[in-house]
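Peer 1: Listed in order, the protein sequences are those of chains R and E.
According to the working numbering, the first sequence is numbered sequentially starting from 1.
According to the working numbering, the second sequence is numbered sequentially starting from 1.
To be clear, the hints were calculated from the coordinates, so they are not data collected in a lab.
Honestly, I wouldn't trust all of these hints.
For the chain E half of the interface with chain R, some residues (derived, Cβ under 10 Å), not all of them [to be verified]: (1) E8; (2) Y93; (3) V97; (4) L98; (5) I115; (6) D156; (7) S160; (8) N197; (9) S207; (10) G212; (11) A213; (12) T218; (13) A223.
Derived DSBU-like pairs: lysine-lysine, alpha-carbon spacing no greater than 30 Å straight-line [unchecked claim]: (14) E:K195 - R:K22; (15) E:K222 - R:K22; (16) R:K62 - R:K22; (17) E:K203 - E:K237; (18) E:K371 - E:K345; (19) E:K222 - R:K30; (20) E:K222 - R:K11; (21) E:K345 - R:K11; (22) E:K203 - R:K30; (23) R:K30 - E:K199.
Glycine included, each C-beta is placed from N, C-alpha and C at the ideal position.
Residue strings, one per chain:
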Amino acid sequence: MTKPTIDALAKVGDLPLGFTAKPGSTMDFKTGDWRSVRPILDREKCIHCAFCYYYCPDGVYKDMYDGKDDATKYFQADYDYCKGCGICAQECPKKAITMTLEEV
Amino acid sequence: MAKRIGMEVSLAVAEAVKLANTDVIAAYPITPQTHIVEHLSELVADGELDAAYIPVESEHSAMSSCIGSSAAGARTFTATSSQGLALMNEMIYIAPVLRVPIVLAIANRALSAPINIWNDHSDIMSVRDAGWVSVFAENGQEALDLTLISFRVAEDPEVSLPISMNIDGFTLSHFIEPILIPDQAEVDKYLPPFKPNLKLDIKDPISIGLLGAPECYTEARKATDNILWQSKNHVVKAFDEFNKVFGRQYHVVETYRHEDADTIMLMMGSIAETAMTAVDEMRDNGQKVGLVRIRLWRPFPEEELLASLSKAKHLAIIDRHAILGCSSGPVGLEVKSLLYNSNLKPNASNYIVGLGGRDVTRDDFKYIFEKASSGQVQTRCEFVGVYE
Ligand code: SF4
Ligand code: SF4
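If we strip away everything but chain R, and leave its shape as in the complex, we get (with noise of 0.2 Å):
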């Protein structure tokens, strides 16, 4: 009889002790691959508030400002990380984040 093959991380003598982690860990994963929908900006709309940036409970929102350009003044969320929520979209003053269903 063949053992079930599974989707483990690690072996049970490979885990650290008391199952803790180094910080930063969750660089080795994209933590965002289960979101649902993502959060779209209408750039048109946006004033460079930054409430998304200070809401968004994941830290992943980037100001792309260059500080010359007023076209590079908006905030770009990393969908490596967004896991969806919506508050963003929420707490934008501007409605210019619209969440949007991932496609399958």
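With chain R held as given, fit chain E with the ligands onto it using these hints.
Peer 2: Only chain E with the ligands this time, still in chain R's reference frame:
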């Protein structure tokens, strides 16, 4: 030199915690455990024990604080009973997988309902699956000794697990017994300072208490199961080392006049003292009866138990907790399942005694002996002396 003095067993446990130079005590008072932490709070307030005493607002917080303080590298103690242990339940299950050494004294008391403050084993049995090392004391000396031994086992770098030290509420916790109080130098020799192999440290940060997705939850549980089984060797080692320093030898399974016994009565905790007297009286009548007592309940001492039961024809397994809707109490279940996988086939029946503080007398043991030695097997446990 050690001094023998008359002392309430709860206070002796507290004295052991003091002798162990415990760093953190986080506890909430609950009958019949209260005297342990009450005395500790006095020792801390009087400056006799240099420890942080955290008077938390609940047992859930007590165990949470203990997990945190142990993870920070502090020698950690708490105590509870019954409903307090039930309220701790969530954190009780967390501590073993996080591998934080904590010594928890439980003055065993019945769980409600009906509300009952007296002794049985329903509290500890409600957390028997959580992954803690678990020991049961029989008398006051053993309660003090096992408290010291518990620190040594829990903090053994190859164990690093929490441990519960069980004493029967009131019938043990509140009795005054002659107890040898070891002196500090002996204890220091036996119990080195706690050197955690896992430690929260801002200079080398780690994250503790993580999510375990389906891809690793099984492995994390199995890793804890492996280490709990392995801990038995370290318990035995801690018992042997204890004997070298203090001259008292403990075993994971204790026996009394069992060598040539046809009928064995098997139990845990302080009722074994009464049972030994009953065994002596029955022996005087020519009845071939002996006693086996489980001191180490988790990990379950399979080999030692089988060895102690190898010659028994009849076996009375005595429980102080009834699993409602189940054929046996917890000790009954485990011993019968152990026997099923062995070539020993004594006539085994399970007896429930002493629920909610009902006295367990010599006559009870004689009754159980008569029933068991008749060779008749009862498939369902018997509630001894139930009035119905
Ligand atoms: S949906 Fe949630 S996680 Fe994603 S960017 Fe917006 S606030 Fe952050
Ligand atoms: S909250 Fe809305 S308006 Fe403000 S920066 Fe984010 S997207 Fe732009």
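Peer 1: Take the hints in turn and mark each one as holding or not.
Peer 2: Structure-based check of each hint:
Interface hint at E:E8: violated, since its Cβ lies 36 Å from the closest Cβ of chain R, which is beyond the 10 Å cut-off. The restraint placing E:Y93 at the interface with chain R is violated, with a minimum CB-CB distance near 13 Å, outside the 10 Å limit. For E:V97, the interface hint holds, the least distance from its beta-carbon to any beta-carbon of chain R being 6 Å, beneath 10 Å. Nearest Cβ of chain R to the Cβ of E:L98: about 5 Å, under the 10 Å cut. The hint holds.
Given hint, E:I115 at the interface with chain R, is violated; its Cβ is 38 Å from that chain's nearest Cβ, farther than 10 Å. Because the closest C-beta pair between E:D156 and chain R is about 13 Å apart, greater than 10 Å, the hint is violated. Of the supplied interface hints, the one on E:S160 holds, with its beta-carbon coming within about 7 Å of a beta-carbon of chain R, less than 10 Å. For E:N197, the interface hint holds, since its Cβ comes within 10 Å of a Cβ in chain R; the closest pair sits about 7 Å apart.
Restraint check, E:S207 versus chain R: the minimum CB separation of about 5 Å is within 10 Å; hint holds. For the restraint placing E:G212 at the interface with chain R, the shortest Cβ-Cβ distance is roughly 7 Å, inside the 10 Å limit, so the hint holds. Because the smallest distance between the Cβ of E:A213 and any Cβ of chain R comes to about 8 Å, under 10 Å, the interface hint for this residue holds. Annotation: interface hint on E:T218 holds; nearest CB of chain R at approximately 8 Å, less than 10 Å.
Proximity of E:A223 to chain R holds as hinted, the smallest CB-CB distance being about 5 Å (cut-off 10 Å). A hinted pair counts as satisfied when its Cα atoms are at most 30 Å apart, and E:K195 with R:K22 qualifies at roughly 20 Å. Distance restraint check for E:K222 and R:K22: the Cα-Cα separation of roughly 22 Å lies within the 30 Å cut-off, and the hinted pair is therefore satisfied. A threshold of 30 Å between alpha carbons decides the hint, and for R:K62 with R:K22 the separation of about 24 Å falls inside it, so the pair holds.
As the CA atoms of E:K203 and E:K237 are separated by approximately 34 Å, the hinted pair breaks the 30 Å bound. With a C-alpha separation of about 17 Å, the suggested pairing of E:K371 with E:K345 holds against the 30 Å cut-off. A hinted pair counts as satisfied when its Cα atoms are at most 30 Å apart, and E:K222 with R:K30 qualifies at roughly 26 Å. A distance of roughly 10 Å separates the Cα atoms of E:K222 and R:K11; the hinted pair therefore holds under the 30 Å criterion.
Distance restraint check for E:K345 and R:K11: the Cα-Cα separation of roughly 38 Å exceeds the 30 Å cut-off, and the hinted pair is therefore not satisfied. The straight-line distance between the Cα atoms of E:K203 and R:K30 is roughly 27 Å, inside the 30 Å bound, and the hint therefore holds. Note on R:K30 and E:K199: the hinted pairing holds, with a Cα-Cα distance of about 28 Å set against a maximum of 30 Å.
The structure shown violates the earlier hints numbered 1, 2, 5, 6, 17, 21.
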